[in-house]
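> Use these hints to put chains B, C and D onto chain A, whose structure you have.
First to last, the sequence lines map onto chains A, B, C and D. Residue 304, in UniProt numbering, is where the first sequence stops; the numbers in between run on with no holes. Residue 304, in UniProt numbering, is where the second sequence stops; the numbers in between run on with no holes. Residue 304, in UniProt numbering, is where the third sequence stops; the numbers in between run on with no holes. Residue 304, in UniProt numbering, is where the fourth sequence stops; the numbers in between run on with no holes.
FYI, nobody ran anything at the bench for these hints, they're computed from the structure. Among the hints, erroneous ones may be present.
[Stated by the list, open to error] Part of the chain C face toward chain D, derived, beta carbon under 8 Å: (1) 90; (2) 91; (3) 228; (4) 231; (5) 232; (6) 233; (7) 237; (8) 244; (9) 245; (10) 251; (11) 253.
Where is the CB? At the ideal position from N, CA and C, for every residue including glycine.
There are 4 protein chains.
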Amino acid sequence: MEYQQILNSIYEEMSYRDVRGRVASYIPELAKVDRRKFGMHVYCGDHENYSFGDSEEKFSIQSISKVFTLAMAMRLMGEDLWDRVSVEPSGDPFNSLMQLEYEHGIPRNPFINAGALVIADILVDHLDDPKKELLDFVRKLTGNSNIDFDLKVAASEKATGYRNLALVNYIKGLGNIKGDVDKIVDFYFHQCSIEMSCHELSKAFMLFANRGRILETDEKILKRKTVKRINALMQTCGFYDEAGEFSFQVGLPGKSGVGGGIVAVHPENYSVAVWSPILNEKGNSELGMKALERLTTLTGVSVF
Amino acid sequence: MEYQQILNSIYEEMSYRDVRGRVASYIPELAKVDRRKFGMHVYCGDHENYSFGDSEEKFSIQSISKVFTLAMAMRLMGEDLWDRVSVEPSGDPFNSLMQLEYEHGIPRNPFINAGALVIADILVDHLDDPKKELLDFVRKLTGNSNIDFDLKVAASEKATGYRNLALVNYIKGLGNIKGDVDKIVDFYFHQCSIEMSCHELSKAFMLFANRGRILETDEKILKRKTVKRINALMQTCGFYDEAGEFSFQVGLPGKSGVGGGIVAVHPENYSVAVWSPILNEKGNSELGMKALERLTTLTGVSVF
Amino acid sequence: MEYQQILNSIYEEMSYRDVRGRVASYIPELAKVDRRKFGMHVYCGDHENYSFGDSEEKFSIQSISKVFTLAMAMRLMGEDLWDRVSVEPSGDPFNSLMQLEYEHGIPRNPFINAGALVIADILVDHLDDPKKELLDFVRKLTGNSNIDFDLKVAASEKATGYRNLALVNYIKGLGNIKGDVDKIVDFYFHQCSIEMSCHELSKAFMLFANRGRILETDEKILKRKTVKRINALMQTCGFYDEAGEFSFQVGLPGKSGVGGGIVAVHPENYSVAVWSPILNEKGNSELGMKALERLTTLTGVSVF
Amino acid sequence: MEYQQILNSIYEEMSYRDVRGRVASYIPELAKVDRRKFGMHVYCGDHENYSFGDSEEKFSIQSISKVFTLAMAMRLMGEDLWDRVSVEPSGDPFNSLMQLEYEHGIPRNPFINAGALVIADILVDHLDDPKKELLDFVRKLTGNSNIDFDLKVAASEKATGYRNLALVNYIKGLGNIKGDVDKIVDFYFHQCSIEMSCHELSKAFMLFANRGRILETDEKILKRKTVKRINALMQTCGFYDEAGEFSFQVGLPGKSGVGGGIVAVHPENYSVAVWSPILNEKGNSELGMKALERLTTLTGVSVF
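Just chain A, same shape as in the assembly:
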């Protein structure tokens, strides 16, 4: 089957009516999103795109942004980064503060909040204008200069982000945060608020399916080894408490966000983004998981 046929069949098979989860509600801005939204985009190159539904509509990428900031931090620090954050799955969420205490403030991986906040600290420390440079980075990957923060979302995160403030202060007390707490969480809440469409996300993630080079220009952004590391991290740690299930269902490295987006990459082949804001109980897009499972099943692609 052709990709577009596969996508068409997924779009026909699945509907928001079949899933019972809820749209993220922890910040008011996210709770407003229409639960009927559903889009998917497979990117193989600028002249080879497949999609359905709301694939051109922007949504809040939330934790998917952690992959971008990790890539930026690895460009700045290389493998030295792993002195500040580890690369292992974290297990259940309850252990995170205990784990920080016993492992001297080194978060388990860059995709749990503690780790992403250490990454944010690194960017704030190294860059003159980290928010601008993050936007520049994502705009370059997508070739789209209108990608931006949703300032309402960022403000909303800030107004309720006490747990993240607790984390930064806690890690700072343990010595693994260098910079100013307020600047770090300000940067972090902004990165989570970036708005992108499935089309844009899949194009940006082609970097990780294309050995660290922008496909269209062949510009080298990341080392081969860095890409391998990031893909391995997405495989083992990309889905909160559901990394094992995603690894089984989809079999590709990927990253989800609480805004309902999921991106995944099939190295040397394609990258794909899907969006449906209805979350399962683990906080991942319910339709998104199913759609990616169908995609890899129908294309016969799985690493296992």
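Chains B, C and D only, in chain A's frame:
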């Protein structure tokens, strides 16, 4: 490069002299193993074998046995198994008892001890002679009827296995162990004591690289989906506290044992076993990890 | 007011009808106890006794037995005992296994189960026939040779005591249990099953109100300092998760059991036992707490 | 023996040379304190004072301030306070964040930092100028209008107080902090910085030995029941991880601070303050503990 050439170059490059770890010492029998041992075997079929060093020498497979018992339990229970044990990475070891408490006795995955003990309970519950049937299963996969327990090792494990006894009792108190505690740990300590060579292990694991069928006879042992599930679990949970690192270095599903063995599978291609008893600080074979990393690098194979 | 008048007024004021808790149900034998039972006994000497209700009826003393075994262990080991068990409150129950792990198998105090099991190990290790010697000790304190175990209760505890078995094995794995696991839990389940009346309990605890001497014979059983230590431990650790509340309400050192008994001592004055099997949500006798609060209020006695 | 004789003998027996602990160093200002300082003051009334050494020299009262703020909060909220903070010992420090998570942001007691921060929130919420009112309260109890904050110490605490900031944010995320995070920690760091002498502290704490009334004026400040509650809390929770040991050694309700001060009260008799900045490994004044143990032994006073 041909597989044999690659193996030769690994054998030339690497030596027990270059690694500083220690042989497992928690039971006296394992501590006696000669630290100079080093062997590797790539199995592509009975007429296509590549190997070096001590690849025909038997060693204690320890936790690698958890893959065999998981396969047996899935044959008995199918997907219902996941009501008894979960499929997610467990994070740091300290949280395991806490996690059991909060998740009502459901271990995080079948490869942590708590999970393997629940699997042992299932086998003891369903099978008339579970120890014999386990040996039969492994003998069938390898076509080798002399595979057996090392009774000294089993007795040694029993004499020091208080933590495993604590786990079984704890889980029984939470309602997720049905059978007799002593029978379960007796079975568990025996399964860990199985002795196999790299040759035998790689042949046995071909099952997981060959869609659940024994390669030579084409006999179907496991469903396609079961194999996918087990491979996904090996990818995310197969290496204690180093699953993320192994996923990055090697990029294949695999499982290690504290006896110094590691097996990995490249679905549709080969299975490989390596053995060196010197462990790194996370409890995985130091040379084994390096050898597998070289193998996948030189063959240009990685899922990422 | 005279003691007997005070007791009379308590008996008139309070009734099992006014409390909503439940009788302990974790073992079938305890669940059979009549929830209407209510008795109290103040012991000032063999010729000075005050009581009401079911004060002569025997009930399962459960954790109150931990004070007797602690006293016996201190006679055997003196202050060296504190190398094996600590003397501090334990906080919430969830932390107990974590705490053992991080504090190398040293339980927080002798009244949590982990601590009582280490005490049981010490007695089993030092004594030829620990069960007989425990009965001898309690019989001597009460002058009553018919005090005995309830073997049905002991068997019932054994049949469901997986968590205690888990604890002993866990501590043994950490090196702080010397003896045979089965003997230790057998002893422990027997000690919990001892049956005594309020009259007998209050007479036995006079030891702790009388500087370590049996009041009637003036025989010295414990050192002055040992008594002070045990009383201090009862004050800070005697009431599971409600030590702070008991300290405030009653202001005396005491110990409760899940059978519904509570004993308390007013050094140099009296000892008192109360029994009502209805437990509050923290596992302490609801009427028992209230009755003791009234007693100390009406006698104007409180340490604060 | 007379009090003054007892104090003289303590002063002769004990010296900073005999103890090996260290002065608190977590903030630079505290680390500067002269380790030779040693003073004690027993207060029975303005005309009945006993003392030795540096009993008139001011030092940083640190956590002793938590008793003053608790008393103020109980005046404002009465027993409703216990909806916001519990009254039980907290066990080992590692569990505090876990405990908050599982108990919905309700700290275990008002003397652990989490609890004191909730108390600070209450005062900041109810009072127009909480810092001034705290000083007024302490000045009234002592009759000394020159008691004040040490602004250097307060600033020093603020500069390193990331863990307290983490706690406030964490509790706010769980809904049990109402006010502005920065105001709360500012108040908290100020309360800890109050400077008082042993003489002043013992006079202030006479409130808790005198049923809630200022001894000299007989003005009623606290209800009888409130005093009983605070004394019970000091008895079970006043000494960090050493409440059980203090209860045994001294047998009186008390509270220590990391500045090396300890206060204790003997209800209806006296209050006492001791100061030596050398801390034992649990963070309590080493000489202070010993001096109080001698005092209660020599006066024959102990609750047990």
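> Hint by hint, say whether it matches the structure.
Results of checking the hints against the structure:
1. Taking 8 Å as the C-beta contact cut-off toward chain D, the hint placing residue 90/C at the interface holds, the least distance being around 5 Å.
2. Among the interface hints, the one on residue 91/C holds; its C-beta lies about 2 Å from the nearest C-beta in chain D, closer than the 8 Å criterion.
3. At its closest, the beta carbon of residue 228/C sits 5 Å from a beta carbon of chain D; the interface hint therefore holds under the 8 Å criterion.
4. Restraint check, residue 231/C versus chain D: the minimum CB separation of about 4 Å is within 8 Å; hint holds.
5. For residue 232/C, the interface hint holds, the least distance from its beta-carbon to any beta-carbon of chain D being 4 Å, beneath 8 Å.
6. Residue-level restraint check for residue 233/C holds (minimum Cβ-Cβ distance to chain D is 7 Å; threshold 8 Å).
7. At a threshold of 8 Å, the smallest CB-CB gap from residue 237/C to chain D is about 7 Å, leaving the interface hint in force.
8. A hinted interface residue such as residue 244/C counts as satisfied when its beta carbon comes closer than 8 Å to some beta carbon of chain D; here the least separation is about 4 Å, so the hint holds.
9. Contact between residue 245/C and chain D, as hinted, is supported at the beta carbon level, the nearest pair being about 6 Å apart and thus within 8 Å.
10. Below 8 Å, beta-carbon pairs count as interface contacts, and residue 251/C has one with chain D at about 7 Å; its hint therefore holds.
11. Among the interface hints, the one on residue 253/C holds; its C-beta lies about 6 Å from the nearest C-beta in chain D, closer than the 8 Å criterion.
When each numbered hint is compared with the structure, no violation occurs for any of them.
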